[in-house]
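Asker: Construct the complete structure from the given sequences, taking the supplied hints into account.
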Amino acid sequence: MEFVNNAVSGLLLGGLYAVAALGLSIVFGTMKLVNLAHGQLLILGAYLTSMLIGLFGGGDPLLVGVAAAVLLAVLVYPLQRYIITPVMAQGEEPPMTVTFGISVVITTLLIIFFTSSPLTSWTADYATKEWEVFGVRIRLIYLIATVIALVFILVLMWILKRTAFGRQVRAASIDAEAAGLVGIDVKKTYARVMSMSAFVAAIAGVLIALSFSVAPTTGTGWLLRAFTVVVIGGLGSLPGTLFGGFIVGLVEAAGAAWVGPQYRDVIVFGVLVVILLVRPNGLFAKVAKA
1 MEFVNNAVSG LLLGGLYAVA ALGLSIVFGT MKLVNLAHGQ LLILGAYLTS MLIGLFGGGD
61 PLLVGVAAAV LLAVLVYPLQ RYIITPVMAQ GEEPPMTVTF GISVVITTLL IIFFTSSPLT
121 SWTADYATKE WEVFGVRIRL IYLIATVIAL VFILVLMWIL KRTAFGRQVR AASIDAEAAG
181 LVGIDVKKTY ARVMSMSAFV AAIAGVLIAL SFSVAPTTGT GWLLRAFTVV VIGGLGSLPG
241 TLFGGFIVGL VEAAGAAWVG PQYRDVIVFG VLVVILLVRP NGLFAKVAKA
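Each residue of the sequence shown is one higher than the one before, starting from 1 at the first, in our numbering.
Hints listed in this document are in silico derivations from the structure and should not be mistaken for laboratory results. Heads up, a few of these hints could be off.
What the hints assert, rightly or not - Straight-line Cα separation of at most 25 Å, SDA-like style, residue types lysine to any residue; simulated pairs:
#1 Lys187 / Thr217
#2 Lys188 / Leu75
#3 Lys187 / Val34
#4 Lys129 / Ala7
Answerer: Rendered as structure tokens:
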């Protein structure tokens, strides 16, 4: 039964990892951009939620988090359109450097306004609640995160495949220059995609803050975890991100149970290396045929 408990816990933790990685996957799949500010956007979403809870005088973190997500999406839009997109034509390194600079700025501002102490000003009953089903312990916040990940993936896939905006995104991701020639505003499209990514990241940040301790400097660790999930699942693949999260969560749980929690990161990155040796593009990436 302990094995089953570990497996279920790892699987649901993987759902949290998946929702944390979705924004990174969206941006790379569309713009081929590795957003090094993604980890800090996760943390900024949590802090914006904390700020709004203080302004509102209370409220459920996830519900208030939706307002924080909208705010973060609005803030990120001009950053992408007027700062990141103009340097994307210069190659892969300049926009990555810009996103790294943005992450440093976010970290610095969070430390200035909130100090470097962990965020402890709010929580929710469901953050620590556990259900027991047929002897299997289920942590409710992980279950909520997994459901949210599934909903986000389904909604994003519908947007990308069934809407006019989705067709614009797909066209820009295939050939941005050609998309511009047929009348698609690529700068606006990229900015909307980044805003969508920021919205998802903010909700994920709230889930992370409800599950773990977060501080202004914890974004880097979550960026690495999200990047691992995306690479294992396949860069730019939304279903792959979900399964990548499940794999990382299961590997962590197994490693912590069998070897020790202090070695779980070593085991996760070891599995990452093995998967990349076998499937360099990730498990669920579409490989172009010659």
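Asker: It remains to establish, for every hint, whether it holds in the given structure.
Answerer: Consistency of the hints with the structure:
1. Taking the CA atoms of Lys187 and Thr217, the gap is about 31 Å. The hint is violated against a cut of 25 Å.
2. Between Lys188 and Leu75 the CA atoms are separated by roughly 14 Å; this keeps the pair inside 25 Å, and the hint holds.
3. A C-alpha spacing of about 17 Å is found between Lys187 and Val34, which places the hinted pair at or below 25 Å, so the restraint holds.
4. A threshold of 25 Å between alpha carbons decides the hint, and for Lys129 with Ala7 the separation of about 18 Å falls inside it, so the pair holds.
This entry does not satisfy hint 1, going by the numbered hints stated previously; all others are met.
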